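All chains should be modelled from the sequences, with the hints used to inform the complete structure.
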Amino acid sequence: MALSPDAFRETARKGPRCTVCVIEQLLSPEDRKILEGAFADPRVTSGAIAKVLSDNGHDVRTHTVQRHRRGGCLR
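Residues in the sequence shown are numbered from 0 upward in steps of one, following numbering that gives the first Met the number 0.
Worth flagging that the hints you see were computed from the coordinates, not collected in a lab.
Don't take each hint at face value.
Label-pair distances were calculated between CB atoms; the ranges are [stated by the list, open to error]:
no., residue 1, residue 2, range
1, Ala1, Val43, 42 to 48 Å
2, Arg69, Glu29, 37 to 43 Å
3, Pro28, Ser3, 39 to 45 Å
4, Arg69, Gln24, 17 to 23 Å
5, Arg42, Ser3, 41 to 47 Å
These numbers come from a predicted model, not from an experiment.
Don't be surprised by glycine CBs; every beta carbon is placed ideally from N, CA and C.
So this is what it looks like as structure tokens:
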């Protein structure tokens, strides 16, 4: 079997940029650090992160946070 790097690019996920990545760029450095800490803490659920972000004016859903956490988003 001969694998081609182009074959993987053809099947790469396409779509809009990750909402969480966009939100991270909008946050102050201090808030970004707090958010990164929440992502790193396994006790903090994706639902809790989505709720806090939504409560602070950022339109994001739990499944978007989950995909970002898994590294499956378009960064």
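Could you say whether the range 42 to 48 Å given as a hint is met by the Cβ separation of Ala1 and Val43? For Val43 against Ala1, whose Cβ atoms are near 44 Å apart, the range 42 to 48 Å holds.
Do Arg69 and Gln24 keep their Cβ atoms within the hinted range of 17 to 23 Å? holds (20 Å)
Whether the CB-CB distance between Pro28 and Ser3 falls inside 39 to 45 Å: holds (41 Å)
Using the beta carbons of Arg42 and Ser3, state whether their distance is inside 41 to 47 Å or not. holds (42 Å)
Taking the beta carbons of Arg69 and Glu29, is their distance inside 37 to 43 Å? violated (26 Å)
The structure does not agree with numbered hint 2 stated previously, though it agrees with all others.
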